[in-house]
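Line by line, the protein sequences give chains A, B, C and D.
Residue numbers for the first sequence follow the numbering used here, beginning at 1104 and rising by one.
Residue numbers for the second sequence follow the numbering used here, beginning at 1104 and rising by one.
Residue numbers for the third sequence follow the numbering used here, beginning at 1104 and rising by one.
Residue numbers for the fourth sequence follow the numbering used here, beginning at 1104 and rising by one.
These aren't lab readings, by the way, just hints derived from the structure by calculation.
All figures in this text were calculated on a predicted structure; none of them were measured in a lab.
Check before you lean on any hint, since a few could be wrong.
The list treats identical chains as interchangeable, and a pair is accepted whether it falls inside one copy or across any two copies.
[Claimed, not checked] Pairs of lysine to aspartate or glutamate, EDC-like flavour, derived with a Cα cap of 16 Å: (1) 1215 / 1248; (2) 1215 / 1147; (3) 1215 / 1131; (4) 1215 / 1227; (5) 1215 / 1156; (6) 1215 / 1238; (7) 1215 / 1236; (8) 1215 / 1179; (9) 1215 / 1244; (10) 1215 / 1149; (11) 1215 / 1141.
4 protein chains.
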Amino acid sequence: VVTLARHCHARGWAEATSGNFSVRAGSDRLLITASGVDKGQLNERDVVLVGLDLRPLGPGTPSAEAPLHAALYRSDQRIGAVLHTHSVASTVLSRRAAASGVLRLAGYEMAKAIAPVTGGAPPELCLPIFANDQDSVALSERISERLARSAAVAYLVEGHGLTTWGPDPERARRHTDALEFLLACELEAVRLGGPLAS
Amino acid sequence: VVTLARHCHARGWAEATSGNFSVRAGSDRLLITASGVDKGQLNERDVVLVGLDLRPLGPGTPSAEAPLHAALYRSDQRIGAVLHTHSVASTVLSRRAAASGVLRLAGYEMAKAIAPVTGGAPPELCLPIFANDQDSVALSERISERLARSAAVAYLVEGHGLTTWGPDPERARRHTDALEFLLACELEAVRLGGPLAS
Amino acid sequence: VVTLARHCHARGWAEATSGNFSVRAGSDRLLITASGVDKGQLNERDVVLVGLDLRPLGPGTPSAEAPLHAALYRSDQRIGAVLHTHSVASTVLSRRAAASGVLRLAGYEMAKAIAPVTGGAPPELCLPIFANDQDSVALSERISERLARSAAVAYLVEGHGLTTWGPDPERARRHTDALEFLLACELEAVRLGGPLAS
Amino acid sequence: VVTLARHCHARGWAEATSGNFSVRAGSDRLLITASGVDKGQLNERDVVLVGLDLRPLGPGTPSAEAPLHAALYRSDQRIGAVLHTHSVASTVLSRRAAASGVLRLAGYEMAKAIAPVTGGAPPELCLPIFANDQDSVALSERISERLARSAAVAYLVEGHGLTTWGPDPERARRHTDALEFLLACELEAVRLGGPLAS
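Given only the sequences and the hints, what does the whole structure look like? Please build it.
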């Protein structure tokens, strides 16, 4: 968890207290960054153990967004790590495309780092966008409901950033690196008057 | 003070002799970076002790902008550190929004790193913008007068950058990191033809 | 090979599993990064030896894009290293200029790092752009055919990035550094409504 | 010389073989980076001693742009170091503003790091812009002639970058850091449809 947080902070995706990071610890528990911690000064003591039902299992207060992480682990036993990053590109694009409720990323070879190739073209990624909500339990219910209807590899919350995941910390981090690259490309393309299909 | 200055220089917010940084040293004194020091080569000898009345209390000449720092410490006993950064985003946006006298940052989750949440939405930040003035005593008087009328978490000076503060050096730095992130987002949003509400 | 990959990853040109890098190992063999390796975690074991005919000569699976590298080494005995980078600028510009099939970079002094000066002006570079194709053998045939007709110092694949080369790893890396700089300039120029001559 | 070159390379202002750097070595000699050296791999052996008349005084071939450096040292005994950087911002803006022959930077507090304040506003900087020329002796004559008529703190060559100087290596580097910051600001301002007064 600490390694994931430092990686994302070093890249400018978890400034100040933003961003939160978790790893599954068995079938019904997770380790997550504590609430209100500056990601530039995080260390091992800032990681909290909680149940997937959010019951505290050790000292410390988990991130206020722990419900969003727990909902993902409950929804799919194969998810082993969840990263919520808060980059400039994800913040700006999630607001720009909010009205349509989805950001489509098509025609990018990098998408192969996240999803399998099925035809002659690189996979198209559709990131659902949710309105921001300070009530993270209510937000996690809206997200779970929509993801249950249509699978996604990641989602955006408006003005708030990207959440992605993977079967283990290494692959979750790789998905984050690839998606942040794609969001940086899409932001450039939008500036030039291109993409932002939706 | 040296740690704060190096942090900001490393991020490109205090190039050459720009930027100045201070920490409260008791109820009526402050430690501040010396005048004309290159922030890429700063060390402990480049920090000067002065009274809140700007009386010299040790060797060295304080930054020409010491009056701006002292005025903040005098206005609020809870302020423990003041950072003036000089980034590309704050320089460009402070000029762009100068005519309206304020830069509003709304709809950004990151604002929670600086101000408390009061409703269902992240807090809205209003940064006053002041015309630049080489007479920093006169400038500090105009700033103090306006901040006394309406509280703010930070302010901008046109073509000159951001000043923010906090109860201790760590939180002041966190406010700076969060605000510089928000200014970077706002600059992108303006490029795309969006925000810059004011 | 590992040094080249780390250099490009550190600059953001080989995020996640993207990018691939090779060095000639004698007249009929090459060393290339393995398939699906995260370039942020690459080490010596992730380099694979194959023949220029793509016959495996040791353990490991070569990058799926090995045919593109092998075709370059077969076409010109003087090529000693090939770098395929995947930067934001090359991804965005390769899509933007795809319709014209070529990206011209003219009037840039930096072009001298790649091609000789012949007159009073810095050399003009023409980068062919190819449609992306998940069948890298078919893609390499289209590329070889076009490069045989008109020499180029590098090429772009749409939404996929830059491939360049040189007589040895050091000069190949220099060509990559110079071309990525030129693509960054061209992206800025296009944003300002300028170049993108083609 | 090596320290200056590494500083500028690390900031992306001297990619590949671009950029050249010199320091005065007495009244009639200078130390300058050698011709065609990759600035990412420069070391002490890549620095050449020549006279201000460009006579070789030791082993090695000086940068092809040594005449531009020597002309500055000859024109003003107070110049102790000269830096030619090749950043994205200076390349793009020098082309954009080339027709007017000058780039004006006004209203920026950072200008105080380069020029003295004379009134209530920060100093205005005027950077002459010269057409590029592969004959660096001819180019240096055109530059010397214009600088003799109107003093400047730095100049631009179209598509080729920035040259600035100072009484010693430390201050020359500070001028470069400050000017590159100002060019980055100006590039953002132009993107937003602002400045580029000339």
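Results of checking the hints against the structure:
| no. | hint | in the structure |
| --- | --- | --- |
| 1 | 1215 / 1248 | neither (26 Å within a copy, 27 Å between copies) |
| 2 | 1215 / 1147 | neither (33 Å within a copy, 24 Å between copies) |
| 3 | 1215 / 1131 | neither (31 Å within a copy, 30 Å between copies) |
| 4 | 1215 / 1227 | within (9 Å within a copy, 34 Å between copies) |
| 5 | 1215 / 1156 | neither (34 Å within a copy, 26 Å between copies) |
| 6 | 1215 / 1238 | between (34 Å within a copy, 14 Å between copies) |
| 7 | 1215 / 1236 | between (32 Å within a copy, 13 Å between copies) |
| 8 | 1215 / 1179 | neither (22 Å within a copy, 30 Å between copies) |
| 9 | 1215 / 1244 | neither (29 Å within a copy, 22 Å between copies) |
| 10 | 1215 / 1149 | neither (34 Å within a copy, 19 Å between copies) |
| 11 | 1215 / 1141 | between (33 Å within a copy, 12 Å between copies) |
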